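S.K.: Listed here are the chains, written in short residue letters.
Protein chains: 2
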Amino acid sequence: MDFKSKLKQYQDLINGELSKYIETKKCPEEMLNHSMEYSLMAGGKRLRPILVIATYQIFKEDVQECMPFAVAIEMVHNFSLIHDDLPGIDNDDFRHGKPTNHKKFNEATAILAGDGLLNNAYRVISKYLENSSKEDLPKKIKIFQEFSDAVDKMIKGEFVDTEVEGKQISEETLEYIHKHKTGALLTLCVRMGAILAEVSQEDLNRLTSYAEKIGLAFQIKDDILSEEGDEKILGKPVGNDKILEKCTYVSKYGLSGAKEKLEKITKEAIEELKIYNEKAEFLIELAKYIKERNK
Amino acid sequence: MDFKSKLKQYQDLINGELSKYIETKKCPEEMLNHSMEYSLMAGGKRLRPILVIATYQIFKEDVQECMPFAVAIEMVHNFSLIHDDLPGIDNDDFRHGKPTNHKKFNEATAILAGDGLLNNAYRVISKYLENSSKEDLPKKIKIFQEFSDAVDKMIKGEFVDTEVEGKQISEETLEYIHKHKTGALLTLCVRMGAILAEVSQEDLNRLTSYAEKIGLAFQIKDDILSEEGDEKILGKPVGNDKILEKCTYVSKYGLSGAKEKLEKITKEAIEELKIYNEKAEFLIELAKYIKERNK
Numbered sequence: 001m002d003f004k005s006k007l008k009q010y011q012d013l014i015n016g017e018l019s020k021y022i023e024t025k026k027c028p029e030e031m032l033n034h035s036m037e038y039s040l041m042a043g044g045k046r047l048r049p050i051l052v053i054a055t056y057q058i059f060k061e062d063v064q065e066c067m068p069f070a071v072a073i074e075m076v077h078n079f080s081l082i083h084d085d086l087p088g089i090d091n092d093d094f095r096h097g098k099p100t101n102h103k104k105f106n107e108a109t110a111i112l113a114g115d116g117l118l119n120n121a122y123r124v125i126s127k128y129l130e131n132s133s134k135e136d137l138p139k140k141i142k143i144f145q146e147f148s149d150a151v152d153k154m155i156k157g158e159f160v161d162t163e164v165e166g167k168q169i170s171e172e173t174l175e176y177i178h179k180h181k182t183g184a185l186l187t188l189c190v191r192m193g194a195i196l197a198e199v200s201q202e203d204l205n206r207l208t209s210y211a212e213k214i215g216l217a218f219q220i221k222d223d224i225l226s227e228e229g230d231e232k233i234l235g236k237p238v239g240n241d242k243i244l245e246k247c248t249y250v251s252k253y254g255l256s257g258a259k260e261k262l263e264k265i266t267k268e269a270i271e272e273l274k275i276y277n278e279k280a281e282f283l284i285e286l287a288k289y290i291k292e293r294n295k
Numbered sequence: 001m002d003f004k005s006k007l008k009q010y011q012d013l014i015n016g017e018l019s020k021y022i023e024t025k026k027c028p029e030e031m032l033n034h035s036m037e038y039s040l041m042a043g044g045k046r047l048r049p050i051l052v053i054a055t056y057q058i059f060k061e062d063v064q065e066c067m068p069f070a071v072a073i074e075m076v077h078n079f080s081l082i083h084d085d086l087p088g089i090d091n092d093d094f095r096h097g098k099p100t101n102h103k104k105f106n107e108a109t110a111i112l113a114g115d116g117l118l119n120n121a122y123r124v125i126s127k128y129l130e131n132s133s134k135e136d137l138p139k140k141i142k143i144f145q146e147f148s149d150a151v152d153k154m155i156k157g158e159f160v161d162t163e164v165e166g167k168q169i170s171e172e173t174l175e176y177i178h179k180h181k182t183g184a185l186l187t188l189c190v191r192m193g194a195i196l197a198e199v200s201q202e203d204l205n206r207l208t209s210y211a212e213k214i215g216l217a218f219q220i221k222d223d224i225l226s227e228e229g230d231e232k233i234l235g236k237p238v239g240n241d242k243i244l245e246k247c248t249y250v251s252k253y254g255l256s257g258a259k260e261k262l263e264k265i266t267k268e269a270i271e272e273l274k275i276y277n278e279k280a281e282f283l284i285e286l287a288k289y290i291k292e293r294n295k
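In the order they appear, the protein sequences are chains A and B.
Quick note on numbering: the first sequence equals residues 1 to 295 in the working numbering.
Quick note on numbering: the second sequence equals residues 1 to 295 in the working numbering.
Here chain A stands alone, though its shape is the one from the complex (with noise of 0.2 Å):
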């Protein structure tokens, strides 16, 4: 398989999705939907909802059945960044290359983008409750369950990080504001396209387990990222988190201790998928990305 082409493909396929939530027409509130629309599609990874995708992919083909999750916890995700680059958290200037929300637009303008993404989300969720059969209701609504549960973590995940900013963190406190902060919303769409697949208890968990494993790779690598990046590649400024006092996993295990645990949780994760054999290729390459990627 050629993970990078479709990588790629699923890229294209969801940023179509996106675009057809963009409201467009002449209205009073014109410049809050450019300003929605900036941040989301600004050139992210899309990696929440190729989980969601690829996950479905094990078991089923039907694609466009996961498409309306796979847009809304998209939208979180912006939602999220927006929220936490604001001048009254992070205060950060640039993402993916570009000026952040609030800097590109206005203070007022990115709450209330935040704060529409957010809700965008759940009418996205609620439509597609509207135009269910009944036999597909339970799973979904299941899945809706999770789903604001998994946003609720994250929201206390990034408080939590807040608070601790400058301080000296235990080890607890740094694996909570991960699992929160991003773990929670990655298991979530590992889970989704599980759960819309229909999945036994037994393959539900050992995907939970591979999520929250790649989700802690992810944070790994984040953390070394920000430490030893490239700056022009990742698109913002890099050693931040130093200056800041921040604990990360760099700073809590030193570089090396940091790239150890990546290898070592990466290896784990793979071990989770094997039994899916190709079908679980790309998610077994993903896990590969998330280790190697350099942004």
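A portion of the hints provided could be inaccurate.
Derived lysine-lysine pairs resembling DSBU-like cross-links, with alpha carbons at most 35 Å apart [to be verified]:
1) B:Lys267 / B:Lys142
2) B:Lys142 / A:Lys98
3) A:Lys103 / B:Lys267
4) A:Lys142 / B:Lys45
5) A:Lys142 / B:Lys26
Some chain B residues flagged as far from chain A (calculated, every beta-carbon gap over 10 Å) [as the list claims (entries may be wrong)]:
6) Lys26
7) Lys98
8) Glu163
9) Glu171
10) Lys236
11) Tyr253
12) Lys261
It should be emphasised that the hints constitute simulated quantities derived from the structure, not laboratory data.
Remember, it's a predicted structure, so these values are computed and weren't measured experimentally.
Glycine residues also receive a C-beta, built at the ideal position from the N, C-alpha and C atoms.
For this one, chain A is given, so just place chain B on it according to the hints.
M.R.: Here is chain B on its own, set in the frame of chain A:
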């Protein structure tokens, strides 16, 4: 009917219900929970959940059936107040006679508390759907859908309101802002009660018209109070709209013009409910209360 004691009874019922959703356990995000509780229990009038319940009670008795939507809408209302008060938007220091959320806590906490309340509203709805009978799902999903659309309108209305600050705007734009920023949510409340009670399309139209009219009356009265209310009773400064050159129903029609409009629209709202006789007595008294309130 003793309107004031019935109102108090409703408020107590809602406050009791809301308090069930407040997390009090020791946890890393404890302060975030305190911050959400601070705003949620700051002594609002509970107008929105009351509209849900009182509308439902024209037709049916089992008030518990309304509670999740009543709680969810009050969460959304408080999310919008917290974000509107932020330095990046209205920069208000007081609300209900107390420091605003970001003044009491800090900006990061206030942003995330608002996010958390918006998301919690959907958590409440998702759990309600999960525990519903199959037969009740279609009407509740319809409500979920209208709910998310109304919140979308509210966010757009807030955006346009922010945009036009200090500008001369047309009657059309003033109406657009009101209908989106406050009208949509108030109308939603009445419609939620009505749809839950499974009323006819004719009743739904009639109640929607009542809701639109009291929504407009509420906004006009708000503008009047902002101009000539008692700061001590209101719990916030008076005259700010003029200083900020905000376009309001008072700046547009003058104080006496706004009062005339308020009188007329309240009468029309009450007219819509006459058909329900004493069953609608509370909602009729509520329309009068909205017109006559001093805070």
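S.K.: Checking against the hints above, which ones are violated?
M.R.: Per hint list: 2, 3, 8 violated.
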